[in-house]
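The listed protein sequences derive, respectively, from chains A and B. For reference, each letter of the first sequence is one residue, going 455 to 775 in this note's numbering. For reference, each letter of the second sequence is one residue, going 455 to 775 in this note's numbering.
Treat the hints with care, as some may be off.
[Claimed, not checked] Below 27 Å or equal to it, Euclidean Cα-Cα: the simulated DSS-like pairs (lysine-lysine) are: (1) 616(B) - 606(B); (2) 607(B) - 484(B); (3) 606(A) - 767(A); (4) 469(B) - 469(A); (5) 550(A) - 606(B); (6) 616(A) - 767(A); (7) 484(A) - 607(A); (8) 484(A) - 606(B); (9) 484(B) - 469(A); (10) 607(A) - 550(A); (11) 656(A) - 606(A); (12) 607(B) - 767(B).
Since the hints were made in silico from the structure, they are not lab data.
Listed below are the residues making up each chain.
There are 2 protein chains.
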Amino acid sequence: MEFTFLGTSAGTPTKSRNVTGLALSHGGPKRWYLIDCGEGTQHQLLRTRHSVMQLQAIFITHIHGDHTFGLPGLLTSASMLGRTEPLVLVAPRPVKTFVEAAIGNSDSNLNFELRFVDSEADNFHWEDEALTVTATPLSHRVSCRAFALTEKKLERQLLRDKLEADGIEAGPAWGRIQQGHDAILDDGRLVRCEDYTRIARKPRKVIVAGDNDRPELLREACSDIDVLVHEATYTQEVSDRVGPWPQHSSAAQVARFADSAGVPNLVLTHFSSRYQFSPNAYPHIGEIESEARGIYRGNLFLARDFASYALGKDLILRISE
Amino acid sequence: MEFTFLGTSAGTPTKSRNVTGLALSHGGPKRWYLIDCGEGTQHQLLRTRHSVMQLQAIFITHIHGDHTFGLPGLLTSASMLGRTEPLVLVAPRPVKTFVEAAIGNSDSNLNFELRFVDSEADNFHWEDEALTVTATPLSHRVSCRAFALTEKKLERQLLRDKLEADGIEAGPAWGRIQQGHDAILDDGRLVRCEDYTRIARKPRKVIVAGDNDRPELLREACSDIDVLVHEATYTQEVSDRVGPWPQHSSAAQVARFADSAGVPNLVLTHFSSRYQFSPNAYPHIGEIESEARGIYRGNLFLARDFASYALGKDLILRISE
Numbered sequence: 455m456e457f458t459f460l461g462t463s464a465g466t467p468t469k470s471r472n473v474t475g476l477a478l479s480h481g482g483p484k485r486w487y488l489i490d491c492g493e494g495t496q497h498q499l500l501r502t503r504h505s506v507m508q509l510q511a512i513f514i515t516h517i518h519g520d521h522t523f524g525l526p527g528l529l530t531s532a533s534m535l536g537r538t539e540p541l542v543l544v545a546p547r548p549v550k551t552f553v554e555a556a557i558g559n560s561d562s563n564l565n566f567e568l569r570f571v572d573s574e575a576d577n578f579h580w581e582d583e584a585l586t587v588t589a590t591p592l593s594h595r596v597s598c599r600a601f602a603l604t605e606k607k608l609e610r611q612l613l614r615d616k617l618e619a620d621g622i623e624a625g626p627a628w629g630r631i632q633q634g635h636d637a638i639l640d641d642g643r644l645v646r647c648e649d650y651t652r653i654a655r656k657p658r659k660v661i662v663a664g665d666n667d668r669p670e671l672l673r674e675a676c677s678d679i680d681v682l683v684h685e686a687t688y689t690q691e692v693s694d695r696v697g698p699w700p701q702h703s704s705a706a707q708v709a710r711f712a713d714s715a716g717v718p719n720l721v722l723t724h725f726s727s728r729y730q731f732s733p734n735a736y737p738h739i740g741e742i743e744s745e746a747r748g749i750y751r752g753n754l755f756l757a758r759d760f761a762s763y764a765l766g767k768d769l770i771l772r773i774s775e
Numbered sequence: 455m456e457f458t459f460l461g462t463s464a465g466t467p468t469k470s471r472n473v474t475g476l477a478l479s480h481g482g483p484k485r486w487y488l489i490d491c492g493e494g495t496q497h498q499l500l501r502t503r504h505s506v507m508q509l510q511a512i513f514i515t516h517i518h519g520d521h522t523f524g525l526p527g528l529l530t531s532a533s534m535l536g537r538t539e540p541l542v543l544v545a546p547r548p549v550k551t552f553v554e555a556a557i558g559n560s561d562s563n564l565n566f567e568l569r570f571v572d573s574e575a576d577n578f579h580w581e582d583e584a585l586t587v588t589a590t591p592l593s594h595r596v597s598c599r600a601f602a603l604t605e606k607k608l609e610r611q612l613l614r615d616k617l618e619a620d621g622i623e624a625g626p627a628w629g630r631i632q633q634g635h636d637a638i639l640d641d642g643r644l645v646r647c648e649d650y651t652r653i654a655r656k657p658r659k660v661i662v663a664g665d666n667d668r669p670e671l672l673r674e675a676c677s678d679i680d681v682l683v684h685e686a687t688y689t690q691e692v693s694d695r696v697g698p699w700p701q702h703s704s705a706a707q708v709a710r711f712a713d714s715a716g717v718p719n720l721v722l723t724h725f726s727s728r729y730q731f732s733p734n735a736y737p738h739i740g741e742i743e744s745e746a747r748g749i750y751r752g753n754l755f756l757a758r759d760f761a762s763y764a765l766g767k768d769l770i771l772r773i774s775e
């Protein structure tokens, strides 16, 4: 499981940071998922290894333009580049209206089916062969969701001792049950996958949250997660100065929550466009980082545009090359 | 008058070229106008000296997404950055519908008035204090326009000999009539601006055309222009292979027209995303250039993203630094 950040700026782009977009790779060498799609997401993708041809689904956390205005271009470009595979769009209903208005008023059409799924339906649940996705409501100026993505199809370990004890010799049946199927031996015996394999690890689970001023809403959903990606738009001092209206989180707020919830890996993103990464710039992103690091004791990252982070089976998140 | 190209790629962006957008500076140190607004135009602007605060008007040639999908982001960012001055949007009606759908379905609002002007109205004509703009219908898959922009407020030269012959001495009245006003002397005489000044040059006029497969439609409009900016999506060979459906021009077509119409300065743009500028790349933009140069005998440029071209009062177009 690998995340690539396509944009880490809140509201408006900067020269070096785009508005929100996150690519999650999982389930195959090129399969990926997109979470949020600010303007310019298709441009950012040109600088990654991700192709719109292998995109499985798009998840939109909320309707704000810095999370949605890249959809018309990404979808119509995918069509122009030859995509014919259906594409899932999980989003609030107004996003569907917006996308349809964009396509309908630009003489565009998509040569693939866009399968809309309402992210705000009661008990929202979506899955494909590689992932299960659920949503948690957040607190923002508009309805907003955190998406929890859990891997499926974990690899099975053979219970070799038991197989040998029962006289089932190494052969094609071993391969079949390791793939998750039952097998029938030459002598007619049924070998149940369930009886002779086990899943040796828990599925990886990550939460990618949209804009939110109450991280504690994620406490229950975070009880068994490996990674939380959450906005930290300001430091606490700037947040206090800006006031509560934008309904964003400070670094301190998120750090306090993640620490108390025992989140092992935390990635902060969606930084106000005022923050800069270049040395000696002011205000520097280091202010957000030190505020968070002073509180949160887990594995912390501040997302950068185009940076990739891999969550290995050891459940430790690492910057990947 | 200065043009800065914000995007020169047709249909989809490439790593080095954005989709269509053109900034025209005129009428003051920071005043500018935008012609077409593909996705990512606001991002490109961050790398120029143009600010959305000084943008006077936006002109959209036609409804295709690679000319319009940047509007929602550019407009909402302008609002977030503090713009309160009204902004004119000259465009086909579906663009208004698209922009309103984008704003209405993203919890956005503009803190300035967006003054929509229908570019396809009969006898379309728009002007402000610096420019007069008219439109010519083109031939494309959808209704499309070329905009002719003509400068206003040309500087007046004093007819000094006549002033002196009539006993009107150098003083405040000279300054007043040079500014275009009449003046009254201390002795009560009326000095008419018209009688004692003249405009020594013709106004600069440029045409920026949208997508079009029949350049000859511009013959009448081009009779007195100084610069034509026109698409040249392909070479003739590629155009023949692609077939007539996309309704674009080849370099040869535009060059032939511009040469026969006596267009003195020609800038080609809107190159298929297959063309590349980097040395040794294939197909190279040089194919378009040599095709055009073999036919057109005037002053030719192939637009590059972020390149600026100044049209001086000597009516020669030059790359500007």
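Hints, verified against the model:
1. 616(B) - 606(B): 26 Å, holds
2. 607(B) - 484(B): 17 Å, holds
3. 606(A) - 767(A): Distance ~13 Å between residue 606(A) and residue 767(A) Cα, so the pair holds.
4. 469(B) - 469(A): 15 Å, holds
5. 550(A) - 606(B): Violated, at about 45 Å.
6. 616(A) - 767(A): 26 Å, holds
7. 484(A) - 607(A): Holds, at about 17 Å.
8. 484(A) - 606(B): 56 Å, violated
9. 484(B) - 469(A): Given that 27 Å is the threshold and the Cα spacing comes to 20 Å, the pair holds.
10. 607(A) - 550(A): Violated - the C-alpha atoms of residue 550(A) and residue 607(A) are around 31 Å apart, more than 27 Å.
11. 656(A) - 606(A): 10 Å, holds
12. 607(B) - 767(B): 13 Å, holds
The structure is inconsistent with the numbered hints 5, 8, 10, although it conforms to all the rest.
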